[in-house]
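Student: Given chain A's structure and the hints, the job is docking chain B onto it.
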Amino acid sequence: MSEAVQFMSQMVSVEYPSPQPTLVNRRFAEQLEAGRIIGHKCPQCGLVYVPPRGMCPVCVVSTTDDHEVEVADRGTVTTFSVITPIQYPGQEEQDDYVLATILLDGADMTVGQQRLDGIPIDDVHSGMRVEAAWAPESERKAAGGPGPAGGLGGAIQGWRPTGEPDTPLDQYEHHIL
Amino acid sequence: MTATWKLEFPYRRSVGPVIGAFLAGLRDRTVLGAPTESGRVLVPPLEYDPDTGDAVGDLREVGQAGVVEGFTWIPQPHSNAPLDRPFAYALVRLDGADTAMLHALDAGSPDAVRPGVRVRIRWRAETTGHITDIECFEPENA
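As you go down the protein sequences, you meet chains A and B in turn. What the first sequence shows, in my numbering, is residues 19 to 195, in sequence order. What the second sequence shows, in my numbering, is residues -3 to 138, in sequence order.
With the rest of the complex left out, here is chain A (with noise of 0.2 Å):
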């Protein structure tokens, strides 16, 4: 009998279309395109949702461009990750790198996987104050709908300390995820 066989190579494969952006979605890429982070304010409960997502789940009640508004382009670091990239087929990262959950100024809801940049790993810790990196307005990339380029990914490069003292926890523990 011949040799044994060591190692199996096996594909796990998907494929699927992706769920094509809705107005909320295209009018969030298209503001976060001009440099604006917008979100909808609920009328009923005053929650800012950041991402819009047309609705607030809390009160059932939809949400137009009616209830838009700005929120600021820096915020609070709830929570973070710190990601040891493991080498394979495909891997662009080569150091650890941080990934931060943020609470944005004037927003309820946290915008999560966040590259966060300039700033010594160990130094990272929940309540810190960070400010957007834009991307060069003419590189950025529409960021409608889910998806590995949505949320806020195309526009915006990662997240630098502003040096501003820390947010106290009570400001922002009920915004944790």
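In case anyone wonders, no lab produced these hints; they're calculated from the structure. Hints should not be assumed to be uniformly reliable.
To be verified - One side only, chain B facing chain A, incomplete, derived with CB under 7 Å: (1) T0; (2) W1; (3) K2; (4) V11; (5) G16; (6) A20; (7) G125.
What the hints assert, rightly or not - Selected chain A positions facing chain B (in silico; Cβ < 7 Å): (8) S20; (9) A22; (10) V23; (11) Q24; (12) S27; (13) Q28; (14) M29; (15) V30; (16) S31; (17) V32; (18) E33; (19) Y34; (20) P35; (21) S36; (22) P107.
Claimed, not checked - Which chain B residues stay away from chain A? Per the calculated CB distances, all over 12 Å, these: (23) E122; (24) P135; (25) E136.
Being a predicted model, the structure only gives us computed values, none of them experimental. Using N, Cα and C, we set each Cβ at its ideal position, and we do this for glycine too.
Tutor: The following block gives chain B in isolation, referenced to the frame of chain A:
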């Protein structure tokens, strides 16, 4: 306006000594089974007898034809399916084996498949030591 997303994970799996020998057997166009203490032959082989937890004996060759024990008809295969036309996923117990293996069965029509029908291996033209060295099963009377 929709875009197609393709998400892929290229795994490289260590198969271990028993499955490794089984796959090497496929590369040689043979099917190897694992004998247990009680005299059963497991195909595909396992490293341990599931009834007792004891290690299995030296692998031995079994037949290249057998019977269908059960099946599911796939009327519209997706792009990753083993065959590009309607087929059955079948549990096939090879001659000399006491357990069934799952593989594609190119039966043409669901009317051609039922438990007990005899099928045989259709080998791929080029074998590499992978379960897909068996291209599929086909009805013995086809």
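Student: Enumerate the violated hints, using their earlier numbering and listing them in ascending order.
Tutor: none
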